[in-house]
Amino acid sequence: MEVFLSVTSVLCAIIIALCSLLYYYFTSTFNYWKDRGVKFIKPLPLVGNMENFFTRKKHGAEIFQDNYKLYEKDRFYGIYFFRKPVLVVQDPDLIHSVLVSDFNHFVDRGFMKHLEVDKLSGHLLSLTGDLWKNLRKKLTPIFTSGKLKGMIDELQVCVDELDNVLSGQAGQEVQVEPLMERFTTRVIGSVAFGCEFDTLTDPNSEFSKRADSLFKVNFRTAFTFLLDNINPNVRNFLGIKVLPKETEDFYLNFVKDTVSHREKNNISRKDFLQLLINLRKEDAAGAPGSLEGSHQKIKDRDNVILDDSLMASNVYIFFVAGFETTATTLSNLLLELAANQEVQEKLREEVRRALGTEGKLSYDVINEMAYMKMVISEVLRKYPPAANVSRECTKAYTIPGSDVTIEESILVTIPAYAIHMDPKYFPDPEKFLPERFTDNNKNIKQGTYMPFGDGPRNCIGMRFAMLEMKMVVASLLSKYHFTLPPTMKYPIVFDKKAVFLKAEGGIRLKVEKL
Numbered sequence: 008m009e010v011f012l013s014v015t016s017v018l019c020a021i022i023i024a025l026c027s028l029l030y031y032y033f034t035s036t037f038n039y040w041k042d043r044g045v046k047f048i049k050p051l052p053l054v055g056n057m058e059n060f061f062t063r064k065k066h067g068a069e070i071f072q073d074n075y076k077l078y079e080k081d082r083f084y085g086i087y088f089f090r091k092p093v094l095v096v097q098d099p100d101l102i103h104s105v106l107v108s109d110f111n112h113f114v115d116r117g118f119m120k121h122l123e124v125d126k127l128s129g130h131l132l133s134l135t136g137d138l139w140k141n142l143r144k145k146l147t148p149i150f151t152s153g154k155l156k157g158m159i160d161e162l163q164v165c166v167d168e169l170d171n172v173l174s175g176q177a178g179q180e181v182q183v184e185p186l187m188e189r190f191t192t193r194v195i196g197s198v199a200f201g202c203e204f205d206t207l208t209d210p211n212s213e214f215s216k217r218a219d220s221l222f223k224v225n226f227r228t229a230f231t232f233l234l235d236n237i238n239p240n241v242r243n244f245l246g247i248k249v250l251p252k253e254t255e256d257f258y259l260n261f262v263k264d265t266v267s268h269r270e271k272n273n274i275s276r277k278d279f280l281q282l283l284i285n286l287r288k289e290d291a292a293g294a295p296g297s298l299e300g301s302h303q304k305i306k307d308r309d310n311v312i313l314d315d316s317l318m319a320s321n322v323y324i325f326f327v328a329g330f331e332t333t334a335t336t337l338s339n340l341l342l343e344l345a346a347n348q349e350v351q352e353k354l355r356e357e358v359r360r361a362l363g364t365e366g367k368l369s370y371d372v373i374n375e376m377a378y379m380k381m382v383i384s385e386v387l388r389k390y391p392p393a394a395n396v397s398r399e400c401t402k403a404y405t406i407p408g409s410d411v412t413i414e415e416s417i418l419v420t421i422p423a424y425a426i427h428m429d430p431k432y433f434p435d436p437e438k439f440l441p442e443r444f445t446d447n448n449k450n451i452k453q454g455t456y457m458p459f460g461d462g463p464r465n466c467i468g469m470r471f472a473m474l475e476m477k478m479v480v481a482s483l484l485s486k487y488h489f490t491l492p493p494t495m496k497y498p499i500v501f502d503k504k505a506v507f508l509k510a511e512g513g514i515r516l517k518v519e520k521l
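Using the working numbering, read the sequence shown as starting at 8 and increasing by one per residue.
Source of the hints: derived by calculation from the structure; they are not laboratory data. Nothing here was measured: the structure is a model prediction, and the numbers come from that model. No incorrect hints appear here.
Derived lysine to aspartate or glutamate pairs resembling EDC-like cross-links, with alpha carbons at most 16 Å apart: (1) K496 - E511; (2) K156 - D371; (3) K402 - E415; (4) K380 - E442; (5) K486 - E357; (6) K486 - D167; (7) K520 - D167; (8) K520 - E180; (9) K252 - E123; (10) K91 - E58; (11) K486 - E168.
Sequences are here, hints too, so could you generate the full structure?
Here's what the structure looks like:
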């Protein structure tokens with residue numbers, strides 16, 4: 008009995024000691040902002056200020072909006088992602104400094120990259136420093152005006168397929184978001200990779216299934232996010248991937264097989280993948296090295312070598328960045344047109360005038376539609392794809408007008424959605440008012456509008472996304488009329504579990520042929 012009690016006592020002591028150590032580890036950083044004289048939201052043990060990560064009482068953008076109102080008189084304040092100190096910046100001038108004028112202090116996005124574990128993490132969103140800078144420089148030419156003009160015909164084919172599908176549903180209530188997701192997947196396949204994915208006609212196609220799984224928050228994605236914010240070295244040590252191995256293999260094999268097919272058959276196309284192929288040929292004085300080798304080559308000769316892993320990573324991120332962001336924006340745009348009939352009619356009239364000029368949607372005609380640009384800009388204000396914009400401090404930065412220094416590796420987060428909905432900058436923010444964005448409107452203060460981020464590290468594909476959305480909306484409005492059915496709630500309630508600003512329960516619209 009005494010032996011049993013002795014063993015039990017030892018085990019209890021060990022458990023108490025371990026729990027105490029864990030508690031200390033999780034809370035040891037909680038004086039970070041206090042010690043630096045920065046206002047902060049009091050963190051909870053173990054979770055910091057991330058309780059909504061578990062409870063999902065609100066969408067994350069709305070949590071930041073609530074905090075924005077609490078600290079509306081402050082330029083910045085501190086929070087904790089679990090045990091990780093994060094500075095929230097909400098002053099427009101300071102935001103402009105972080106994203107644009109003092110960008111050299113905030114070069115990285117703060118995305119965790121684990122090149123040894125995650126084979127598809129070597130992309131523009133996560134790469135850092137010179138590796139990002141040089142890859143961005145190489146990839147930028149795909150989005151010049153000349154290249155975008157060359158994509159019009161391929162885009163039109165995809166838009167025509169969407170029209171055929173929608174025509175069969177005319178007169179009914181249509182679930183818009185799944186249709187737009189299938190459409191954007193079709194566009195990416197054709198314009199980026201030169202492949203005709205049959206996602207519009209076959210919702211169960213392989214790429215449709217892959218697309219559907221990308222933004223679903225599951226145990227794997229939640230657990231890896233948790234580890235990255237507690238101690239990223241643990242994930243590296245345990246070899247825990249963000250994506251399942253079969254998903255990694257799918258994209259790696261897709262790139263290898265497509266590249267091999269083109270090289271064997273001497274095929275060259277005007278798409279994103281071909282640009283990567285051409286860049287690799289230009290770079291390859293010898294055989295391309297590994298991704299880790301690419302880091303060394305940057306140090307040696309200010310360059311980056313595109314190996315299979317790096318190519319697959321950027322094919323993957325092109326797909327990720329162009330899929331649900333554009334689909335969600337298009338869905339929200341059609342919702343607003345259905346809810347604001349006068350805007351829909353005014354935009355339709357502009358489309359008719361534009362089509363009357365040439366009878367088709369050329370690149371120049373599309374970009375001459377001023378009201379179209381205003382409508383899309385207003386949708387991006389109400390539902391920014393990047394509801395929060397983040398940058399990591401890469402060089403210590405003293406905040407102008409204060410004695411607070413942002414130290415290297417500290418994450419800075421900007422609550423873009425909250426700022427977009429601030430009546431100081433956008434009066435009656437809940438109203439859908441495209442006229443905010445007239446050419447004569449000089450009232451939009453820099454640092455208050457950032458749907459694609461801002462500065463050198465903004466979204467590289469935003470011009471392509473704008474072109475795609477303009478073509479879709481122009482084509483659909485020339486043939487269909489959209490209204491809100493009685494079953495569709497407006498204004499929408501955000502889906503608390505969604506990554507982007509999506510409607511809870513989806514968007515349903517009545518679609519009728521003109």
